[in-house]
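K.L.:
Sequence:
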Amino acid sequence: MKKTGWKLIVVALSAIAWTEAGAQEIKVCNNGEAEVSYAILATTSLVNLGDPEWTAHGWYMMKPGECQPVTRGDGRREAFLSVRSINKDGLSSLNSYVIKDIPASNFSDNSLSTGAERVFCVSSSSFRRPEKSLQDHESCPQGYHEQVFNLYFFSRGMVDFTVNLK
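Residue numbers (mature numbering (1 follows the signal peptide of the UniProt record, and there is no 0)): -23 to -1, 1 to 143.
A portion of the hints provided could be inaccurate.
Claimed, not checked - Simulated pairs of lysine to aspartate or glutamate, EDC-like, Cα-Cα distance not exceeding 20 Å: (1) LYS65 / GLU2; (2) LYS40 / GLU10; (3) LYS143 / GLU108; (4) LYS4 / GLU43; (5) LYS109 / GLU123; (6) LYS143 / ASP28; (7) LYS65 / GLU94; (8) LYS65 / GLU10; (9) LYS109 / GLU43; (10) LYS143 / GLU10.
Worth flagging that the hints you see were computed from the coordinates, not collected in a lab.
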């Protein structure tokens, strides 16, 4: 292989290693007593320049006491979360939430997490739906229905934080 080829491989591997080490993480922990399921709508690329693409996916099950990463990013990161608690009869309802473990030294006007009442389209079963814009997720295709997403995350910095559901 020519020297140029090896240099490209080294640069590509270095970029992958930097991305994994430098990426921020948002995770959700189920501190409640019931099993929950969640869906996420998030920007899809690690580095978002201009108008990012958005991907909605879910439903992921989480037992009490379990934590799961819901999105990773580098630079600008946006995500909406919809969480449902599942009772013993299999019925679901939207969860409340508490934000914890936000490192005060890194949390600034460039990052926020807040309650939101946005409605986006989801499927009743497991799904993954990439779209070009956030607005595209407000128009439901066949087999999808409207669902409230009740938490919004935004970060322009390298901020890791945890959403603790109760």
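K.L.:
Take the hints in turn and mark each one as holding or not.
P.N.:
So, going through the hints one by one against the coordinates:
1. LYS65 / GLU2: Between LYS65 and GLU2 the Cα gap is close to 31 Å, so the pair fails against 20 Å, i.e. violated.
2. LYS40 / GLU10: holds (8 Å)
3. LYS143 / GLU108: Between LYS143 and GLU108 the Cα gap is close to 31 Å, so the pair fails against 20 Å, i.e. violated.
4. LYS4 / GLU43: holds (10 Å)
5. LYS109 / GLU123: holds (18 Å)
6. LYS143 / ASP28: violated (34 Å)
7. LYS65 / GLU94: violated (27 Å)
8. LYS65 / GLU10: holds (11 Å)
9. LYS109 / GLU43: Between LYS109 and GLU43 the Cα gap is close to 32 Å, so the pair fails against 20 Å, i.e. violated.
10. LYS143 / GLU10: holds (8 Å)
Checked against the numbered hints above, the structure violates hints 1, 3, 6, 7, 9; every other hint is satisfied.
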